[in-house]
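Student: If you're matching positions, the sequence shown starts at 1 in this note's numbering and goes up one per residue.
Be aware that a few hints might be false.
[What the hints assert, rightly or not] So the derived label-pair ranges between C-beta atoms look like this:
| hint | residue 1 | residue 2 | range |
| --- | --- | --- | --- |
| 1 | E146 | A56 | 32 to 40 Å |
| 2 | H67 | E45 | 16 to 24 Å |
| 3 | Q124 | E49 | 44 to 52 Å |
| 4 | P97 | S75 | 21 to 29 Å |
| 5 | N76 | M173 | 24 to 32 Å |
| 6 | A46 | K127 | 49 to 57 Å |
| 7 | A126 | K55 | 48 to 56 Å |
| 8 | Q124 | K55 | 42 to 50 Å |
[What the hints assert, rightly or not] Only pairs whose alpha carbons sit at most 30 Å apart, straight line, appear in this in silico DSS-like list of lysine-lysine:
| hint | residue 1 | residue 2 |
| --- | --- | --- |
| 9 | K129 | K162 |
| 10 | K55 | K127 |
| 11 | K141 | K100 |
| 12 | K129 | K55 |
| 13 | K100 | K127 |
| 14 | K127 | K162 |
| 15 | K106 | K129 |
| 16 | K162 | K141 |
| 17 | K141 | K106 |
| 18 | K100 | K55 |
Worth flagging that the hints you see were computed from the coordinates, not collected in a lab. Quick reminder that beta carbons are idealized off the backbone N, C-alpha and C, glycines included.
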Amino acid sequence: PVSGGHPRPRGRTLRAVAVRARRDLPLSADRPSWDVVDYLTGYPEALRERARALKASGRLEEQLLRHYPGRHSISNSAALYTFAQGLKREYLRSSPPLAKVCYDDKIGTLHRALGLHTYAVRVQGAKLKSRNEIRVASLFKGLAPEFLRMVVVHELAHLRHKAHDKAFYGLCMHMEPEYA
Numbered sequence: 001p002v003s004g005g006h007p008r009p010r011g012r013t014l015r016a017v018a019v020r021a022r023r024d025l026p027l028s029a030d031r032p033s034w035d036v037v038d039y040l041t042g043y044p045e046a047l048r049e050r051a052r053a054l055k056a057s058g059r060l061e062e063q064l065l066r067h068y069p070g071r072h073s074i075s076n077s078a079a080l081y082t083f084a085q086g087l088k089r090e091y092l093r094s095s096p097p098l099a100k101v102c103y104d105d106k107i108g109t110l111h112r113a114l115g116l117h118t119y120a121v122r123v124q125g126a127k128l129k130s131r132n133e134i135r136v137a138s139l140f141k142g143l144a145p146e147f148l149r150m151v152v153v154h155e156l157a158h159l160r161h162k163a164h165d166k167a168f169y170g171l172c173m174h175m176e177p178e179y180a
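Could you build the full structure based on these sequences and the hints that come with them?
Tutor: Here's what the structure looks like:
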């Protein structure tokens, strides 16, 4: 048994660290649902207020479509894995390998995130084996390539920096200058 008296499931992760695409805010009683602007918690308040005003007036989607009219062709998990591996090969050569990169239908509703990086350590005999996975919300299948790249860059940066600190955002800016 692991501390706490619960038996450890066989072949399961000992430790998994899930990191959201942006830090989230706790839901309060006066705000029962998750707001799209909450995905922008790492951004300045002025930008968040502008996004909130556009959403309230019903012009947010129109504004985004005007600024980001293109669509990408990365429609399945195999293509997403190839895309992420290309970015990793270009910017993060010495980082640990990616075991899996895929689209996930449940990310937006379960985790309130745009993407998810999972780091799992497993025991295999006397060795510890680690595995890095990236999951991207399925809603990015039909959006502009800039949005998909931003989320993949964010999750790839977690291969080097687990926390959202200055070094983390510096790496994101190095991989994608338009990240900020």
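Student: Is the Cα-Cα distance between K100 and K127 30 Å or less?
Tutor: Satisfied, since the Cα-Cα distance of roughly 21 Å is no more than 30 Å.
Student: Check the hint pairing K129 with K55 against an upper bound of 30 Å on the C-alpha distance.
Tutor: Not OK: K129 and K55 at ~45 Å, beyond 30 Å, violated.
Student: For the range 49 to 57 Å, tell me whether the beta carbons of A46 and K127 fit it or not.
Tutor: holds, 50 Å
Student: Holds or violated: 16 to 24 Å for the Cβ distance of H67 and E45?
Tutor: holds, 21 Å
Student: Does the hinted range 44 to 52 Å hold for Q124 and E49 at CB?
Tutor: Holds: the Cβ-Cβ distance is about 51 Å, inside 44 to 52 Å.
Student: Holds or violated: K106 and K129, Cα atoms, limit 30 Å.
Tutor: holds, 26 Å
Student: Given the proposed pairing of K100 with K55, does the C-alpha separation stay at or below 30 Å?
Tutor: Roughly 35 Å between the alpha carbons, so the hint for K100 and K55 is violated.
Student: Does the Cβ distance between A126 and K55 fall inside 48 to 56 Å?
Tutor: holds, 54 Å
Student: Are K129 and K162 close enough, with their CA atoms no more than 30 Å apart?
Tutor: Given that 30 Å is the threshold and the Cα spacing comes to 18 Å, the pair holds.
Student: Next pair to validate is K141 with K100; report whether the Cα-Cα distance is within 30 Å.
Tutor: holds, 17 Å
Student: How does the Cβ-Cβ distance of E146 and A56 compare with 32 to 40 Å: does it lie in that range?
Tutor: Between E146 and A56, where Cβ atoms are some 24 Å apart, the hint is violated.
Student: Measuring from beta carbon to beta carbon, are Q124 and K55 in 42 to 50 Å?
Tutor: At 48 Å between Cβs, range holds.
Hints 1, 10, 12, 18 from the list above are not met by this structure, while the remaining hints are.
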